[in-house]
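Asker: Put together the whole structure using the sequences plus the hints.
Number of protein chains: 4
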Amino acid sequence: MVVVMHAAASEAEVSDVVDRVTHAGGEAFISRGASRTIIGLIGDLDHFGDLGLDGMPGVDHTVRISTPYKLVSRDHHPDRSTVWLGSGETHTPIGPGVLTVMAGPCAVETEEQTLEAAELARQLGATVLRGGAYKPRTSPYAFQGLGRRGLEILADVRSEIGLPIVTEIVDAADVDIIAEHADMLQIGTRNMANFALLQAVGSAGKPVLLKRGMSATIEEWLMAAEYVAQRGNLEIVLCERGIRTFETATRNTLDISAVPVAQALSHLPVIVDPSHSGGRRELVEPLSRAAVAVGADGLLIDVHPHPESARVDGAQALAAEDITEIAESLTALATTVGRSYSAPAR
Amino acid sequence: MVVVMHAAASEAEVSDVVDRVTHAGGEAFISRGASRTIIGLIGDLDHFGDLGLDGMPGVDHTVRISTPYKLVSRDHHPDRSTVWLGSGETHTPIGPGVLTVMAGPCAVETEEQTLEAAELARQLGATVLRGGAYKPRTSPYAFQGLGRRGLEILADVRSEIGLPIVTEIVDAADVDIIAEHADMLQIGTRNMANFALLQAVGSAGKPVLLKRGMSATIEEWLMAAEYVAQRGNLEIVLCERGIRTFETATRNTLDISAVPVAQALSHLPVIVDPSHSGGRRELVEPLSRAAVAVGADGLLIDVHPHPESARVDGAQALAAEDITEIAESLTALATTVGRSYSAPAR
Amino acid sequence: MVVVMHAAASEAEVSDVVDRVTHAGGEAFISRGASRTIIGLIGDLDHFGDLGLDGMPGVDHTVRISTPYKLVSRDHHPDRSTVWLGSGETHTPIGPGVLTVMAGPCAVETEEQTLEAAELARQLGATVLRGGAYKPRTSPYAFQGLGRRGLEILADVRSEIGLPIVTEIVDAADVDIIAEHADMLQIGTRNMANFALLQAVGSAGKPVLLKRGMSATIEEWLMAAEYVAQRGNLEIVLCERGIRTFETATRNTLDISAVPVAQALSHLPVIVDPSHSGGRRELVEPLSRAAVAVGADGLLIDVHPHPESARVDGAQALAAEDITEIAESLTALATTVGRSYSAPAR
Amino acid sequence: MVVVMHAAASEAEVSDVVDRVTHAGGEAFISRGASRTIIGLIGDLDHFGDLGLDGMPGVDHTVRISTPYKLVSRDHHPDRSTVWLGSGETHTPIGPGVLTVMAGPCAVETEEQTLEAAELARQLGATVLRGGAYKPRTSPYAFQGLGRRGLEILADVRSEIGLPIVTEIVDAADVDIIAEHADMLQIGTRNMANFALLQAVGSAGKPVLLKRGMSATIEEWLMAAEYVAQRGNLEIVLCERGIRTFETATRNTLDISAVPVAQALSHLPVIVDPSHSGGRRELVEPLSRAAVAVGADGLLIDVHPHPESARVDGAQALAAEDITEIAESLTALATTVGRSYSAPAR
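In the order they appear, the protein sequences are chains A, B, C and D. If you read the first sequence in the working numbering, its first letter stands for residue 1, the second for the next number, and so on. If you read the second sequence in the working numbering, its first letter stands for residue 1001, the second for the next number, and so on. If you read the third sequence in the working numbering, its first letter stands for residue 2001, the second for the next number, and so on. If you read the fourth sequence in the working numbering, its first letter stands for residue 3001, the second for the next number, and so on.
I should point out that these hints are in silico values taken from the structure, not numbers from a laboratory. No experiment lies behind these values; they were computed from the predicted model shown. Among the hints, erroneous ones may be present.
[Said to hold, decoys possible] Mimicking DMTMM-like on lysine to aspartate or glutamate, the simulated pairs with C-alpha atoms at most 20 Å apart in a straight line are:
1. D:K3070 to B:D1176
2. A:K70 to C:D2060
3. A:K206 to A:D174
4. A:K206 to A:D60
5. B:K1070 to D:D3174
6. C:K2070 to C:D2176
7. D:K3070 to D:E3089
8. C:K2206 to C:E2119
9. C:K2070 to A:E111
10. D:K3206 to D:D3174
11. C:K2070 to C:E2089
12. A:K70 to A:D174
Answerer: In structure tokens, the structure reads:
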């Protein structure tokens, strides 16, 4: 950490900073410049953060040099991790060398719709079925998901189709019931900084899919993962799903650079959600291509047997007629980048 | 709602949209332009949202015309509301004609610190004491607040100093204990879209202070308020606390326009947090002046008896030596804009 | 400047950085931390920037500590400046202690319209007349202004009404003709980083009104001012006019904090454009109040005798019926904050 | 265009809007809803824009339905265009079916450096040499480029190495001299809305490379292209180079979705600048892969023989040791997406 003093800071103020750091067991190096003094600190960063140096007289601001997360960083674990989902026949890896497709309906509506969507997912080469039972909706008047009934439908479809399931959790009170029915718990973009939920999920004993908050920096995203990791759960997959910018032509702006940046900083797998990023069906294929090419470990894709009557986000769901083209695209690209992926021949 | 068809949409696709709308009890007006057809819809908007028109063949996009919130809108309640806090001697209004200052420490650390901060708050003319017992922190390694012990300290200080208390809630499981100790429950910026928490708080029978999400639009903020209102609780105060932009000179960018805009759309009181917006002590006074002048119904201000050793956000907390100047500033401005406010003579 | 080395940087790479700095006449202090080494530099910053330290092997990134602008900074000129416009009877100050209102039509359309608008401006207490002859428009098919004829109208109106004139310049080739007709040259938001234009204007011998770029940081804005200053012209007034964010309820987001921040970093006067910030007539008055209260040195306001038929931005122009209320508002606030301003009694 | 009236708009105000539209030769359809009336307009959009409907009494806001650009749109020219650069042996296409790499030094420093960089560019499979002679720099104290001497160096290197040249223009006064030396004129991100420059370049008779403004929407970018096209020059290549967001881990946020979105709206070729987007050497390769996979028509890449001593942006320039890996990557991906590209064997 570097402490930058005000141009007008006094010698006594500089000494006070140095004293507080050294009393806390750190070391401080003073560099006196033409216009101001800076103080370089060496020691345990978290401790310095709690020292309140920012609020001391004469301090202009502080600059952090090292990363504030540990367990999820590559300093802690230099090799990239693989997270495993499900068990037995449905045991599925997410990580280097694999292109894992997670697909399914944005919201579970009926058993029939979910089964048809799961069939589309399979045709897309998905090895994980996604489906929402609890839906966080901007409007309280919008369809909020089937809740427990949705979980049961997902579990039924899993036993029929043989794919492990990922579903979103929005309330810490639902951890047990969801962990009982699903193979992976998803934290949505609106809850990325819901620390109580992160901690509850960290203790649930299931892998976690952590979406980036819609205006979160990559560092804040990794800090959210650290909340989960701190509870002893390192089975975390990061999901980039677009950030909020001034551009209105797309629902969100897919931050494609976040994939290599997060993979360089953290050992956790990073996947991309092209459906929520673009918000439009015709963008799913090109954004999926970009994601695979940039090095993403997987994709999270909305599919729906009847997008024209979907209760949630129909505009972005792939329909049956879109599947073949995108499966061919992914097959070609996965080969090019050296990742295993296969969609069934049709 | 207006449905904009693709330039290449067929007559059959246009008819399908009209049919779905009329079957659902709405009316549809077709306007055929030189390059494309648009369809104006009349009827219950929420219903149209669930019709999934966005996903229909031939539809380019839909444009919503009316607002999606009801209970918190001025259509529902044309006059601006006043929210009352506490009872008996501490009965305190927030709304038109009053400038309500809420002040206190960002985090409760000790009884002594809280009492000293409360004294500073009183000198600042505060009629509400703020203090954090449960702190949502970006880092799991940072001080997370005293929890229940913090609530007890706040309650003790209230009985000593006679100010009603507002404190943040971060977990729906804590609703009862916090509602028991505090006079108003605060939803922080990170939880604005934590709908489970909004609903829990909506049922708690206490006024709610709802901070705007750091990248939430004003409309999404009002939708979050609608979640609380839908549970029968219209005692809601909105708090603008700065939004996330590319500017790094300030912690956040205070969206001062949000005050008149939200007041025009909603009947709820709107206050401003100049401490978290600017993130720097020297900006608290000018931003408070701007907030009062623009028409804010109140201010939420960090004060600390010893900012240089504050465990959280010391850089933005006012200290004893700052109080007089800002109290004088607020006195002059409150008079100018016709709001009642008074700080004790020193 | 601080150079942060990669965690894996070698001793030789550290030495190379130190050598390059010392050969260039600077000093370098090495601080070795647990996980990485940082190097503090002392000396002439601009020189270090050109040393290309960012691109050296082993360097992770560099952190600048001091400000990159000089002539416009308060280090260069600790007292806040006053800029004077016009001469003789129209000699008008912009700076501390004064609230300077610049008002007029967004675009000059006819002599009659400009004269009527100038009359409204006078009623608003304006001491400077604004009016656009060359309009930078997003669409090449939109009205681009009257050009030279517009300048002549402005000059005619000036001699009739006795107010100095500010008008926008969009092409360096027009410097002479505009400088001949106007008292102050305006650089619009789209041209803030048009360095050729900044340099041309810096040599024109007239005061400059420099609008902030719509996504410029405050530091970049001050660097743009430095381009003008470097040509020997320190008669610069900064104008905050809203920045681009995700919020769509307003045309731009007025960054009210930019006023005190820019005033603390630079000695130049800072004014606010409430018309382009909000983009809506009903926001002009509350945003003007906020601007005066926060400490702005002036306001730039669109007025139009017939907004309903304005060729540019009619939605945000004040009309005759709005003038009295805002003039009263400004009178009360100017008194409160101790700035001289007066609008004629009506 | 749709005109949305205020909830409280009177019948007379509705009639006034309809009258103004019909008098101007358009048609207006009234839809009366439960809470407000909307008016659909049919006719020439640009004309409606100039009618000033936004400023009329009773009008809340207007919603545009069709696109405001014409010549660059796919409505005007349904097939995607190919732009040709240079002539004779250096005749080079940019468009569908080709992956055009433009590479070279960010700034021309010396003839030797430019020649070495051109050699690296050739090894990267570049068919166009980029190089900056006039550099727009945030700081007036930074290296501003060699100017005319830089152009001469570029022309010399062209005759030696046989690649057409693209170079940036920052001042309309330089159009003739640059058009004389270069094969393509580049408009940089800071000048995207410098309409005087766009018009000057539109008349220069050379192909134009138009970078997206750092906070420009895709629509504004296409409007800027329309300014060039309107002068009779449709030889325009669009370049996405990252937009400004809150994320600080990258220099800008590459908006990868902008490629398919712009290609769907416009017939012009779209290329990507991975160097300025990420701002870091190690991101150039993954971002280039993403760009090719998403369907970009080309890449604009910084290379430098000695990045550690580059005078501008050394941190993002590829060096000799990076070339082979990225050339192999591009070869594999170009094949996968069916575009012609070849780098010389080494």
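Asker: So, for every hint listed, does it hold in this structure?
Answerer: Consistency of the hints with the structure:
1. Using a Cα cut-off of 20 Å, the hinted pair K3070 of chain D and D1176 of chain B is violated, with the two alpha carbons roughly 61 Å apart.
2. A hinted pair counts as satisfied when its Cα atoms are at most 20 Å apart, and K70 of chain A with D2060 of chain C qualifies at roughly 19 Å.
3. Using a Cα cut-off of 20 Å, the hinted pair K206 of chain A and D174 of chain A holds, with the two alpha carbons roughly 14 Å apart.
4. With a C-alpha separation of about 44 Å, the suggested pairing of K206 of chain A with D60 of chain A is violated against the 20 Å cut-off.
5. Restraint check for K1070 of chain B and D3174 of chain D: not satisfied, since their Cα atoms lie roughly 58 Å apart, outside the 20 Å limit.
6. The suggested pairing of K2070 of chain C with D2176 of chain C is violated, with an alpha-carbon distance near 28 Å, which exceeds 20 Å.
7. A distance of roughly 34 Å separates the Cα atoms of K3070 of chain D and E3089 of chain D; the hinted pair therefore is violated under the 20 Å criterion.
8. Using a Cα cut-off of 20 Å, the hinted pair K2206 of chain C and E2119 of chain C is violated, with the two alpha carbons roughly 25 Å apart.
9. This hinted pair does not check out: K2070 of chain C and E111 of chain A have alpha carbons roughly 68 Å apart, beyond 20 Å.
10. Taking the CA atoms of K3206 of chain D and D3174 of chain D, the gap is about 14 Å. The hint holds against a cut of 20 Å.
11. Restraint check for K2070 of chain C and E2089 of chain C: the C-alpha separation of about 34 Å exceeds 20 Å, so the hint is violated.
12. For the hint linking K70 of chain A to D174 of chain A, the alpha-carbon distance of about 28 Å lies beyond 20 Å, and the restraint is violated.
Checked against the numbered hints listed earlier, the structure breaks hints 1, 4, 5, 6, 7, 8, 9, 11, 12; every other hint is satisfied.
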